[in-house]
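Please construct the entire structure, taking both the sequences and the accompanying hints into account.
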Amino acid sequence: MNIETPGTCPIPSCPDQNGTLPSCAGLAVPYVPFQQNNPQKYSQTDALSNGTLFPGLNLPFHMKVEGSTLPGNPLVELQALEFVVLELGTYLDTHADDVEAFALFKQYSAMERSARASYEEKFGPLTRQAASDSKTYTWLKDPWPWNYQQNEVK
Numbered sequence: 001m002n003i004e005t006p007g008t009c010p011i012p013s014c015p016d017q018n019g020t021l022p023s024c025a026g027l028a029v030p031y032v033p034f035q036q037n038n039p040q041k042y043s044q045t046d047a048l049s050n051g052t053l054f055p056g057l058n059l060p061f062h063m064k065v066e067g068s069t070l071p072g073n074p075l076v077e078l079q080a081l082e083f084v085v086l087e088l089g090t091y092l093d094t095h096a097d098d099v100e101a102f103a104l105f106k107q108y109s110a111m112e113r114s115a116r117a118s119y120e121e122k123f124g125p126l127t128r129q130a131a132s133d134s135k136t137y138t139w140l141k142d143p144w145p146w147n148y149q150q151n152e153v154k
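Residue 7 in the numbering used here sits at position 7 of the sequence shown; the count goes up by one each step and never skips.
Rather than coming from a laboratory, the hints here were simulated on the basis of the structure. Even glycine gets a Cβ: it sits at the ideal position worked out from N, Cα and C. It cannot be assumed that every hint is accurate.
What the hints assert, rightly or not - Calculated pairs, BS3-like style, for lysine-lysine (alpha carbon to alpha carbon, straight line, at most 30 angstroms):
| # | residue 1 | residue 2 |
| --- | --- | --- |
| 1 | K122 | K135 |
| 2 | K106 | K41 |
| 3 | K122 | K106 |
To be verified - What follows is a set of in silico ranges between Cβ atoms, one per label pair, in the way DEER data are often shown:
| # | residue 1 | residue 2 | range |
| --- | --- | --- | --- |
| 4 | E121 | F34 | 35 to 45 angstroms |
| 5 | T138 | N37 | 37 to 47 angstroms |
| 6 | S43 | V99 | 14 to 24 angstroms |
| 7 | S114 | T94 | 19 to 29 angstroms |
| 8 | T136 | F34 | 49 to 59 angstroms |
| 9 | L75 | S132 | 14 to 24 angstroms |
| 10 | D97 | S43 | 21 to 31 angstroms |
| 11 | P39 | P74 | 24 to 34 angstroms |
| 12 | F34 | K135 | 28 to 38 angstroms |
| 13 | D93 | L126 | 24 to 34 angstroms |
Structure, rendered in structure tokens:
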């Protein structure tokens with residue numbers, strides 16, 4: 001094992017003899033895929049389970065399990081809509097002229113607002129701010145959404 005003297009370059013042909021990362025050291029080159037205009041899109045539930053709305057950005061990671069199956073319930077459907085709105089908004093930050101994406105953004109935003117209102121009407125507020133729209137403070141009122149998922153509430 002060859003232990004280098006601190007402050008020296010481990011590569012003999014390297015002219016920089018100071019510092020911990022000499023200028024001749026090989027560096028990793030990161031790659032970020034460029035999103036094309038009008039890219040293909042997953043359905044909202046597939047987007048949520050894959051972690052991206054865009055199949056072209058769904059790059060496999062070491063030991064990553066491909067998209068999981070999510071339960072079909074109102075809370076997961078709302079989360080999927082919220083995720084798609086967030087993904088489309090992020091895409092539009094760099095592709096503001098994509099008319100189709102903006103139309104989808106408006107469509108999914110309306111669907112998300114409607115799903116949120118429907119969910120909160122049936123199950124109660126999802127945020128403290130939403131609780132301010134009620135006649136009484138209902139934020140900590142049972143049952144919580146996960147109690148419905150676990151069939152604790154009939």
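Evaluated hints:
Taking the CA atoms of K122 and K135, the gap is near 15 angstroms; set against the 30 angstroms cutoff, the hint holds. Note on K106 and K41: the hinted pairing holds, with a Cα-Cα distance of about 16 angstroms set against a maximum of 30 angstroms. A C-alpha spacing of about 24 angstroms is found between K122 and K106, which places the hinted pair at or below 30 angstroms, so the restraint holds. A beta carbon spacing of about 42 angstroms between E121 and F34 agrees with the range 35 to 45 angstroms that was offered as a hint.
Roughly 44 angstroms separates the CB atoms of T138 and N37, a value that falls within the hinted 37 to 47 angstroms. For the pair S43 and V99, the supplied restraint of 14 to 24 angstroms holds, since their beta-carbon distance comes to about 21 angstroms. The hint said 19 to 29 angstroms for the Cβ distance between S114 and T94, and at roughly 28 angstroms that hint holds. Remark: the range hint 49 to 59 angstroms for T136 to F34 is upheld by a beta-carbon distance near 51 angstroms.
Checked against the hint of 14 to 24 angstroms, the pair L75 and S132 passes, with Cβ atoms roughly 21 angstroms apart. In this structure, D97 and S43 meet the distance hint of 21 to 31 angstroms, their C-beta atoms being roughly 25 angstroms apart. One distance hint, 24 to 34 angstroms for the beta-carbon pair P39 and P74, holds here, with the actual separation near 29 angstroms. At about 51 angstroms, the CB distance of F34 to K135 disagrees with the hint of 28 to 38 angstroms.
At roughly 25 angstroms, the beta-carbon separation of D93 and L126 lies within the given 24 to 34 angstroms, and the hint holds.
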